[in-house]
Amino acid sequence: KAGVTQTPRYLIKTRGQQVTLSCSPISGHRSVSWYQQTPGQGLQFLFEYFSETQRNKGNFPGRFSGRQFSNSRSEMNVSTLELGDSALYLCASSFTGDGYTFGSGTRLTVV
Amino acid sequence: QKEVEQDPGPLSVPEGAIVSLNCTYSNSAFQYFMWYRQYSRKGPELLMYTYSSGNKEDGRFTAQVDKSSKYISLFIRDSQPSDSATYLCAMRDIIQGAQKLVFGQGTRLTINP
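Chains V and R, in that order, are what the protein sequence lines are.
At position 28 of the first sequence (counting the first as 1) the number is 107 in my numbering, and the numbers step up by one without a gap.
At position 81 of the second sequence (counting the first as 1) the number is 82 in my numbering, and the numbers step up by one without a gap.
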């Protein structure tokens with residue numbers, strides 16, 4: 080059974096640009112969550128989607144947004160990139176919410 | 002003060018030792034308690050999760066939850082060099098159906114052959 084797939088694995092962007100990251104959850108999982116991981120702050124919750132609806136949102140500025148499609152695939156978008164947005168962005172999917180399976184992440188570097 | 006506190010280490014022990022990793026939390030509404038293992042350049046991998054106070058064992062791993070003290074532990078017996086990784090505790094927070102995981106900072110563990 081395929082795991083959670085995130086693309087691309089690595090990205091380098093310039094300040095002020097925007098970026099879109101993609102996540103394909105495990106087949107049958109309808110809940111998709113996004114997390115930002117940095118050395119200083121650790122793993123922080125961005126948002127959760129279930130059946131195309133955003134159910135929960137973390138404490139991040141409006142430049143961070145996301146969406147979920149009818150096949151449960153999800154994308155997150157960061158506009159007007161700042162140096163501090165450099166991080167590992169992780170996507171996790173869940174069937175029941177008891178256990179979350181994470182992808183390998185997208186490492187974003189903003190220069 | 003963070004909702005979940007975890008000693009970041011680093012922690013270095015010899016092969017075969019028993020390892021104890023711990024987290025404390027402040028939110029009594031947390032229900033599910035999880036331990037993840039993260040290797041370098043990989044996403045976190047779910048090791049164990051538990052709901053209630055008490056012990057849960059899976060092979061060389063034992064998860065312990067004490068809700069009255071707001072304290073959780075992960076014990077690794079007969080530690081192996083392949084156990085070298087960062088270990089993250091996580092707790093599920095549910096508010097009106099909306100859920101998220103709240104993570105500790107992670108403890109970097111090295112098992113020396």
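Think of the hints as simulated: they come from the structure by calculation, not from any bench.
Careful, some of the hints might be misleading.
Taking lysine-lysine and the DSS-like style, the derived pairs with C-alpha atoms no more than 27 Å apart in a straight line are [as the list claims (entries may be wrong)]:
1. V:K92 with R:K71
2. R:K57 with V:K136
3. V:K136 with V:K92
Pairwise CB distance ranges, derived in the manner of DEER restraints [as the list claims (entries may be wrong)]:
4. R:E46 with V:R109: 33 to 41 Å
5. V:I91 with R:N56: 43 to 51 Å
6. V:E131 with R:I96: 15 to 23 Å
7. V:R146 with R:S69: 39 to 47 Å
8. R:R61 with V:E131: 18 to 26 Å
9. R:K43 with V:N156: 34 to 42 Å
10. R:G17 with V:G95: 22 to 30 Å
11. R:A18 with V:S130: 40 to 48 Å
12. R:I96 with V:E161: 27 to 35 Å
13. R:A18 with V:V190: 38 to 46 Å
14. R:N113 with V:P118: 22 to 30 Å
15. V:N156 with R:K57: 36 to 44 Å
16. V:S130 with R:N113: 25 to 33 Å
17. R:I95 with V:S101: 38 to 46 Å
Computed from a predicted model, the values in this text were never measured in an experiment.
Even glycine gets a Cβ: it sits at the ideal position worked out from N, Cα and C.
Indicate whether the distance between the beta carbons of S130 (chain V) and N113 (chain R) respects the range 25 to 33 Å. Violated, at about 48 Å.
When you take the CB atoms of A18 (chain R) and S130 (chain V), is the distance between them in 40 to 48 Å? The hinted range 40 to 48 Å holds for A18 (chain R) and S130 (chain V), with Cβ atoms some 46 Å apart.
Is it true that the C-beta distance of I95 (chain R) to S101 (chain V) lies inside 38 to 46 Å, as the hint says? Given range 38 to 46 Å: violated, Cβ gap about 27 Å.
Does 27 to 35 Å hold as the CB distance between I96 (chain R) and E161 (chain V), or does it fail? Roughly 29 Å apart at Cβ, these two residues keep to the hinted range, so it holds.
Using the beta carbons of R146 (chain V) and S69 (chain R), state whether their distance is inside 39 to 47 Å or not. holds, 42 Å
Range first: 18 to 26 Å. Now tell me if the beta carbons of R61 (chain R) and E131 (chain V) are that far apart. Because 41 Å falls outside the window, the suggested range is violated.
Hint check for I96 (chain R) and E131 (chain V) - Cβ pair distance inside 15 to 23 Å: holds, 20 Å
For the pair K43 (chain R) and N156 (chain V), does the Cβ-Cβ distance stay inside 34 to 42 Å? violated, 24 Å
Given the range 22 to 30 Å, decide if the beta-carbon distance of G17 (chain R) to G95 (chain V) lies inside it. violated, 53 Å
Holds or violated: K57 (chain R) and K136 (chain V), Cα atoms, limit 27 Å. violated, 31 Å
Kindly confirm whether 33 to 41 Å is satisfied by the beta carbon distance between E46 (chain R) and R109 (chain V). For R109 (chain V) against E46 (chain R), whose Cβ atoms are near 21 Å apart, the range 33 to 41 Å is violated.
Given hint K71 (chain R) paired with K92 (chain V) - CA-CA distance at most 27 Å: violated, 42 Å
Comparing the model with each numbered hint stated earlier shows that hints 1, 2, 4, 8, 9, 10, 16 and 17 do not hold.
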